[in-house]
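Visitor: Spelled out, the chains give:
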Amino acid sequence: MSSAVNMFNIGKSGLMASKSAMNTTGHNIANVNSEGYSRQSVETNAGPTIPAGRLTFGTGAMTKSIGRVNDEYLDRRIHTENRNFGNIEEKNTYLSQTEQIFNEANNDGLNRLATNFFNEFRKLSTDPSNEAIRAGVREASKQLVDDIRRMNSALTEVQKNIDTRIEGYVREVNSLSKEVRDLNLLIQKAEQSGDMSPDLRDQRDLSLKKLGGLVDISVSKDKNSRVTVTMGGQVALVTGGELTELSVMRTPPDPATGKKEGRLDIFSNGATPEKITDKIRMGRLGGLLDVRDKDITASQDNIDEIAYAISKNVNDIHVQGYGKDGGTGRFFFKNLDGAERASELIDLSADVKENLGAIAVAKEANAPSDNRLAIAISGLSTMKGMDGNDLSITDKYNSMVSEVAVKTAASEKSLIFQKDVLSQLESTRDSLSGVSLDEETANLVRYQHAYAANAKVLSVADELMQTVLATFK
Amino acid sequence: MRVTENSTLTTVRDSLNKSRLRMSELQKQNASLKRINAPSDDPSGSAKLMTIRNDSIDNSQFEKNSNLAKTFLNYTDSSLEDVTNILVRAKELALGQASAAANGPSSRLMVAEEINNLMNELSSVANRRLGDRYIFSGYKTNQQPFDEKGRYAGDDGKIMVEVQKDVFVGMNLPGREVFLGANQVDPTAPNGVRGLEEGANAVSPELAIKQSAERPNDDAFRTLESLRISLMTNDIDGIRATLDPLDKIRDRVITARAQVGSRVQGIDTAINNMARNNVFNAELQSSIEDTDLIQVVSDMAKEETVLRASLQASNKMIQPTLLDFLK
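For the record, the sequence lines run as chains F and R.
For the first sequence, the positions run 981 to 1453 when my numbering is used.
For the second sequence, the positions run 7 to 333 when my numbering is used.
This is chain F alone, in the form it adopts within the complex (with noise of 0.2 Å):
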């Protein structure tokens, strides 16, 4: 039956629906700016009818759901960009950094400073016994010495800076873990209900996207909609409402063996501690050890080896020589045990340093313009003796400089690339799920035009009523 007290009730649930679209419109409108935010719309029906003898009648509009406008595809995919993102970026953070440490662009670096180290033992072979020529042989050893450990150090310096961040990310896995575990739970209660909600998700996906963004994850959700979030494919960090957290420890320095302090390790601490260092290769965290472990160990291997080269070869031709003093048996270099360390350890040695006559260059005692084993040093610039007798010391050098440079002209170019993909995705994903405040500004509009109209039902049905009292006055 149409009653004038139907029709309060239609105009109020046509004021009830057009508030909560504004509310919604005005959610939006608030959220414009907050990351990860998918817009939310309002989905109204017509409410259940009331049959009437032959008649049926509506009872009003009701909100349905407010739901949120996303793709799970995209969204996907913008975690999987992201995580490449920030792995190339981190990558590209160290490797120009390692680049630096060569200095070559100005030719400032270690290819100038070996090169003039083997020219001035050339210098010296022109006059063997010159005092002042002997003093320019050991102040180019000593910068070719220092230049070697500023690099070692430098580098050093760099996977210390690495460890550092990587303590941080670790940190941050933990506690975007925990987020993502709270939000778990927080949406299965909020959920059991059957209605969706749709903030809580958004907040859950922004943290597995920037969980994504540090680490390879996967992610499944099970029956109460919650996630199961696994790194790398094998390491547990949510399950349901479970937790695994991470954590780091560094191999402490053993004096026994004269090993330095290893690397910063990864471990999971479930049920089993593990190490997880190397299973772990993608996003920020996984480029941040491909950089360390990779990278800077070969630079550090390689100097470390040119270090060595350097030292024993100038050593072996060395002590076989007279120096102007008239000793011999002597070497140049502190005489270094082999390749490990080389690039911290390197020295000259304790008589070169102190004496100019300790310098050897003459095969035969008391002729003081010998100078045979000064060109067979000056001729180790040339000589082919490393990686398999292909490559002169400076060759080895240059090599691993361009080695680098390769990598990091590389990892800029994939980073500009990966920029555009990733901003190419967030404007589809903008464009289905972001905010447009026209469009919203239209919708207020819109939703204020409905409750006004709705409000005008209630008036006149309070009309109606009105005239209807009135006749018994």
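Just so you know, these hints were derived from the structure itself, not from any lab.
Hints should not be assumed to be uniformly reliable.
[Stated by the list, open to error] Below 30 Å or equal to it, Euclidean Cα-Cα: the simulated DSS-like pairs (lysine-lysine) are:
id	chain 1	residue 1	chain 2	residue 2
1	F	LYS1304	R	LYS70
2	R	LYS171	F	LYS1376
3	F	LYS1304	R	LYS171
4	R	LYS76	R	LYS171
Following the hints, complete the assembly by docking chain R onto the known chain F.
Guide: Frame of chain F, contents of chain R only:
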């Protein structure tokens, strides 16, 4: 497709960023006038640059070596010229006194005095120094090579100097082979030092000084000494006996001078090669690392236009929203 304010702003931000990045890259090139400011700007180019720079450091040292060796050799050459003159004069005197008819014993005594002077002269030439180094004492340059009796105290050391990559030139002549006619040390024999075997003596093939069977007769000091004694004792046969050795010695010294000359020539060739190499390297280096200024400046002008245009467009894009028109 919906376009939201945020995506508009992101687009504006990204394109401005990109444009500014390109601008800063170009400005860096323009300021340094270098195309390569870090190895990663052109990895293969900068690898090449590093070897070129090594080459030019090496070359400047080779240049110094060459000049020093040349000084040493030129001084040796002029000393050998003096030796030749002494020998020519001695031969002249000996010839003049070689026949009994021409002169008497008293004039021979006077000539003997002159030979004595020539001997002193010879010994002073043989003991010449360049700086503080005796030029004829082999490796033992701190040791006076000849004593007053003409005994040799030096060694047979050849001071080899690298004048071009892997090209070595001996910058001295050991006094024994010049003045005493001793056997020359075989220049091709390995000297037992690693890294030195290869390439030594590549320039100026050594002109072997002929080995002499009668060594004492080839000894400049002894020959003059025996000439002097023969003159003083009026021993005409003795005087005649020195004529042939004097010729031999003079020939040997002339051969030695030729050897020095050919070494100097070798060094000059090396210097010329190096000069050519330097020019070539400089050209190559410039083509690898220098900016093409015209290109950069025109690129910058282009980029500036792009930047201005996108700033202007952004100005139009960012301003209006529906709210501006609802009032």
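Visitor: Compare the structure with each hint and give your call.
Guide: Each hint, compared with the structure:
| no. | hint | in the structure |
| --- | --- | --- |
| 1 | F:LYS1304 <-> R:LYS70 | holds, 23 Å |
| 2 | R:LYS171 <-> F:LYS1376 | holds, 19 Å |
| 3 | F:LYS1304 <-> R:LYS171 | holds, 27 Å |
| 4 | R:LYS76 <-> R:LYS171 | holds, 17 Å |
The structure agrees with every numbered hint stated previously.
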